[in-house]
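Given the sequences, and given the hints that come with them, work out the whole structure.
There are 2 protein chains.
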Amino acid sequence: MPLAHNRTGPLLKKLRTLMSNRKYVPESIQAYIVPSGDAHQSEYIAPCDCRRAFISGFNGSAGTAVITTDKAALWTDGRYFLQAEKQLDENWILMKDGQPNTPTQADWLAKELPVGGKVGVDPCLISAEAWSPLKKNLLSSGHSIIAVPINLIDLVWEDQPPPPLNPLLTLTEKYTGISWQDKIQKIREKMQTKKCGALVISALDEIAYLFNLRGSDIEYNPVFFAYAVVTLDNIFLFIDDQKLDAEVKHHLQLNGTDSAIQVTSYDKVGEVIKNLVDQVEGKFWISPKCSVALTQCVEKTRLFAQTSPVAVMKAVKNDTEIQGMRSAHIKDAVTLCELFSWLEKQIPTGSVTEISAADKLEEIKVEQEDFISLSFATISSTGPNAAIIHYKPTEESDTVLSTDEIYLCDSGGQYKDGTTDVTRTIHFGSPSNHEKECYTRVLKGHIALASIIFPNETKGHMLDTLARTSLWEVGLDYAHGTGHGVGAFLNVHEGPCGISPRVSAAEIPLEAGMILSDEPGYYEDGKFGVRIENLVLVVKAETKISWLNEYHTQCREVVGPELKRQGKKEAYEWLMRETQSIG
Amino acid sequence: MPLAHNRTGPLLKKLRTLMSNRKYVPESIQAYIVPSGDAHQSEYIAPCDCRRAFISGFNGSAGTAVITTDKAALWTDGRYFLQAEKQLDENWILMKDGQPNTPTQADWLAKELPVGGKVGVDPCLISAEAWSPLKKNLLSSGHSIIAVPINLIDLVWEDQPPPPLNPLLTLTEKYTGISWQDKIQKIREKMQTKKCGALVISALDEIAYLFNLRGSDIEYNPVFFAYAVVTLDNIFLFIDDQKLDAEVKHHLQLNGTDSAIQVTSYDKVGEVIKNLVDQVEGKFWISPKCSVALTQCVEKTRLFAQTSPVAVMKAVKNDTEIQGMRSAHIKDAVTLCELFSWLEKQIPTGSVTEISAADKLEEIKVEQEDFISLSFATISSTGPNAAIIHYKPTEESDTVLSTDEIYLCDSGGQYKDGTTDVTRTIHFGSPSNHEKECYTRVLKGHIALASIIFPNETKGHMLDTLARTSLWEVGLDYAHGTGHGVGAFLNVHEGPCGISPRVSAAEIPLEAGMILSDEPGYYEDGKFGVRIENLVLVVKAETKISWLNEYHTQCREVVGPELKRQGKKEAYEWLMRETQSIG
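One line per chain: the protein sequences are D and Y, in this order. Using full-length UniProt numbering, read the first sequence as starting at 1 and increasing by one per residue. Using full-length UniProt numbering, read the second sequence as starting at 1 and increasing by one per residue.
In case anyone wonders, no lab produced these hints; they're calculated from the structure. Heads up, some of the hints might be wrong.
With beta-carbon atoms standing in for the labels, derived distance ranges [to be verified]: (1) D:165 / Y:139: 40 to 46 Å; (2) D:573 / Y:512: 52 to 58 Å; (3) Y:28 / D:569: 51 to 57 Å; (4) D:271 / Y:512: 44 to 50 Å; (5) Y:28 / D:573: 48 to 54 Å; (6) D:70 / Y:186: 55 to 61 Å.
Just so you know, even glycine gets a beta-carbon here, dropped at the ideal spot from N, CA and C.
Structure representation (structure tokens):
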């Protein structure tokens with residue numbers, strides 16, 4: 001439902017005044033970019049960081065606002081087109097990312113800005129990988145980008161909430177399978193192979209993973225605000241020390257004088273990195289997803305800008321984590337069976353709405369062992385609402401479930417042993433032939449992806465099409481990726497692997513131990529939506545050829561030495577020739 | 001077969017002397033890069049441009065040589081691993097592109113160079129898109145890249161052939177479907193939508209296409225050496241005027257005093273571009289595939305670095321070209337039937353070799369109407385030779401065809417009406433079960449790709465996997481892309497569309513009128529090779545949903561106005577609601 005008429009007008013007016021006030025900006029700017037994330041480039045953010053939602057009214061999880069002196073535009077992707085159309089007021093232009101005629105931010109700015117325009121952005125809120133092309137594209141149209149260290153939205157946001165200070169939870173090896181000390185050790189080995197003397201970690205889920213700690217600073221995401229820097233000799237943890245109770249201190253072994261971890265104030269991270277540049281030899285490993293503010297603490301020639309090794313390690317689940325994810329999904333499946341059997345009885349009475357179904361599901365989930373919270377706001381949607389890909393029912397939109405419409409439920413939980421994410425689409429009456437066909441084609445896509453056998457080094461974007469061909473056959477498609485990584489009691493969306501037409505969603509190849517969602521869908525605007533989602537685990541496939549190669553290797557290893565020992569040279573050569581690896 | 005022992009030793013010694021001689025280099029360099037292409041970034045090149053083959057001995061169509069003060073390394077892709085292993089002498093290290101442990105050129109150089117190393121390259125031979133990341137990566141390891149305008153290979157190449165000066169062929173609209181004047185008009189319209197005042201064209205096939213001219217300066221590729229610059233008012237053609245006979249002059253309308261085309265000397269292109277920068281308003285459209293030498297004639301803020309509009313126009317064949325391509329393939333099919341029926345009789349007698357089969361095929365092809373030349377050296381390969389992906393039989397390797405082995409024949413012709421490229425794999429005796437299975441799985445991949453229905457805006461890399469899944473199922477794969485664009489009586493490999501796991505091979509989405517190869521394969525080193533290749537034309541698919549949407553549009557257009565005319569407002573709204581586009 002639309003927000004109040006012209007709600008954002010007065011805010012934009014204030015913001016535009018600040019854009020030319022030299023007290024707050026290094027120089028007058030003609031455009032201001034408000035990214036979606038926080039200083040950690042989180043996808044889901046704490047209330048204090050919802051700056052883009054505050055200024056634009058659009059509160060989806062992905063989107064960027066750009067405000068010029070006379071216009072305001074918001075870019076978001078296919079999952080959110082309908083939601084953004086509903087939420088943006090008349091001051092805003094919706095830019096549909098991924099559609100052929102949508103300009104990029106740089107192209108649009110090139111058209112809108114006066115000659116030699118300056119575009120401002122908070123360097124903490126933009127990643128290095130987003131900054132570079134933007135800078136380049138603006139330059140090529142005669143404009144430039146300016147880092148504005150004071151956040152202008154914070155200045156116009158009168159009732160901005162304070163940053164959260166929630167307590168931490170320690171995880172034993174029963175849940176993680178490996179101590180934080182051993183993780184640090186593995187990370188240091190990786191750093192050494194890349195000749196890196198320091199690793200800067202700013203992604204909140206990487207920090208939580210690395211130290212076997214969890215938090216609740218961001219709703220649904222069991223993370224806490226912190227930065228970390230690991231050198232070959234030291235570990236710096238930048239965190240508000242109010243968060244460190246006795247148990248956490250014990251877990252991090254902070255009590256002795258020779259503590260391995262130096263706890264430092266959260267806002268000192270830039271300063272410490274700058275000091276380390278002179279003290280540490282080798283490169284500084286900083287993911288291109290880190291903020292420009294942190295990246296620019298290190299001179300370019302010292303920078304090693306590659307995917308964080310913590311992100312890569314975290315993506316490949318160990319046996320304990322895999323076991324935990326399985327266990328969490330079994331508990332989660334129990335809750336879904338409970339919900340659907342309940343709905344089957346209640347829906348015909350007309351007493352269930354989208355919100356009451358979601359509430360019921362949460363009630364049921366809370367009863368499960370080791371349940372911590374939902375892993376995202378349940379998408380409980382019926383009929384046309386299910387065509388809004390990331391719909392979350394509000395009081396205004398809440399609709400009664402009926403036996404005449406399709407019900408789509410995408411839900412998940414954070415359990416101490418794992419994170420779940422499952423979507424089921426159910427018609428509690430008689431679906432039309434068209435609805436049946438769409439459902440069947442989505443299911444065929446889901447199965448095709450779940451069943452695929454692929455070679456080593458395959459990246460997720462090469463598999464995305466498999467989930468779509470059955471829909472393509474009749475001219476249908478869906479405007480979102482097919483799969484995202486899922487954390488083990490961590491964020492429900494995690495990188496660096498993914499299955500999407502967007503190549504950037506698959507930074508590293510798939511490998512055994514990765515867990516991803518498999519969630520093709522089909523959405524008919526104003527009518528209905530279908531999505532079928534399970535999580536899938538990448539496992540080593542036993543193919544006919546791999547069986548043969550393994551058998552041949554075994555022949556070589558078992559019979560080879562014996563042939564050598566008996567001096568049968570020709571026979572040995574015959575064996576080596578006939579047992580060469582194929583494929 | 002290996003080349004002479006240490007053939008390249010003396011050449012490398014001379015080259016290394018030049019690398020520190022300030023008479024030839026702006027400053028002393030510790031490494032020299034020898035790219036594969038010519039000043040037009042051609043894949044196939046004239047003998048005078050085979051610098052990388054001259055210095056390294058490896059004469060495949062793709063590869064880059066890098067020579068440091070004490071090492072020499074050659075990077076090439078999966079098609080050429082075996083060939084390069086055979087051709088490189090002991091001075092060279094083979095770097096297998098695309099394999100997980102192969103360093104990039106920049107990574108390798110970072111390891112090999114002394115502190116603050118300088119890497120030289122001829123700026124005419126490296127594209128802007130290759131230069132930028134190389135520069136950045138070298139910079140990040142403390143090294144730098146230097147443009148060396150004098151080509152150092154030319155200095156050590158004593159018997160380098162002169163550039164070719166072959167006559168041109170004019171093509172009428174019977175073959176092209178559109179005059180060069182109308183092509184220029186369309187290109188200028190495209191330039192205006194992008195606010196470009198000038199377009200620099202350096203790719204030889206784009207120049208041949210744009211002017212409806214063909215040449216024979218490069219074997220198998222009907223192109224000629226030239227550059228072109230199109231502004232909104234002028235057309236500059238940079239070409240040796242010995243190539244312009246009376247017919248060509250008439251075709252280009254060069255005879256009047258108000259000629260639309262200014263013919264200028266080939267080597268003046270850089271100078272003219274530099275002068276135009278002050279005379280022309282708007283941006284300079286220069287493809288990122290153009291050389292650094294040309295790109296750097298224009299300051300960055302004036303540059304519009306996007307895929308050439310000529311390349312895009314050329315990729316989408318018009319009806320005349322499609323008709324011509326069909327006709328050429330029918331003639332080509334005749335020649336293959338003739339060859340295979342002849343082989344069936346001759347092979348059992350043991351009288352046919354790879355070379356004699358290829359020669360026979362050429363003899364047959366020459367008889368066809370409008371045949372100009374082969375479109376590439378016929379890959380005529382039997383048994384283990386067929387596992388060498390781009391094998392061309394030499395006198396040393398030539399093998400007798402037999403009924404015991406698989407024969408793979410990849411051939412094509414340049415006909416005045418079109419270019420062909422077809423691969424057939426045949427066993428003239430009884431293949432093994434394993435060979436049959438591999439062949440069948442390759443065929444299934446070929447059919448899967450040829451049959452796929454996909455949405456608008458799909459890029460080729462999203463389809464590549466479809467040709468592989470049947471092989472993946474048993475643990476097999478092939479180390480090359482599945483499809484390349486094919487010119488209409490132009491280069492057998494053309495961009496900017498392609499079907500490959502390499503995202504860069506698909507610069508623009510597939511659209512109706514594009515012609516691509518569909519050529520999955522399977523290669524078992526030392527045993528056999530299978531490839532099945534046809535060309536496929538992208539056509540508009542008639543899906544159930546598109547049929548329904550078109551029918552609904554028709555209802556709206558036919559019945560809608562009549563309802564309005566009769567003042568039946570509610571019925572009109574009902575019609576509009578019920579005939580909304582779906583999918």
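Results for each hint:
1. D:165 / Y:139: 40 to 46 Å: holds (42 Å)
2. D:573 / Y:512: 52 to 58 Å: Since residue 573 (chain D) and residue 512 (chain Y) have Cβ atoms about 56 Å apart, the given range 52 to 58 Å holds.
3. Y:28 / D:569: 51 to 57 Å: holds (53 Å)
4. D:271 / Y:512: 44 to 50 Å: For residue 512 (chain Y) against residue 271 (chain D), whose Cβ atoms are near 58 Å apart, the range 44 to 50 Å is violated.
5. Y:28 / D:573: 48 to 54 Å: holds (50 Å)
6. D:70 / Y:186: 55 to 61 Å: violated (36 Å)
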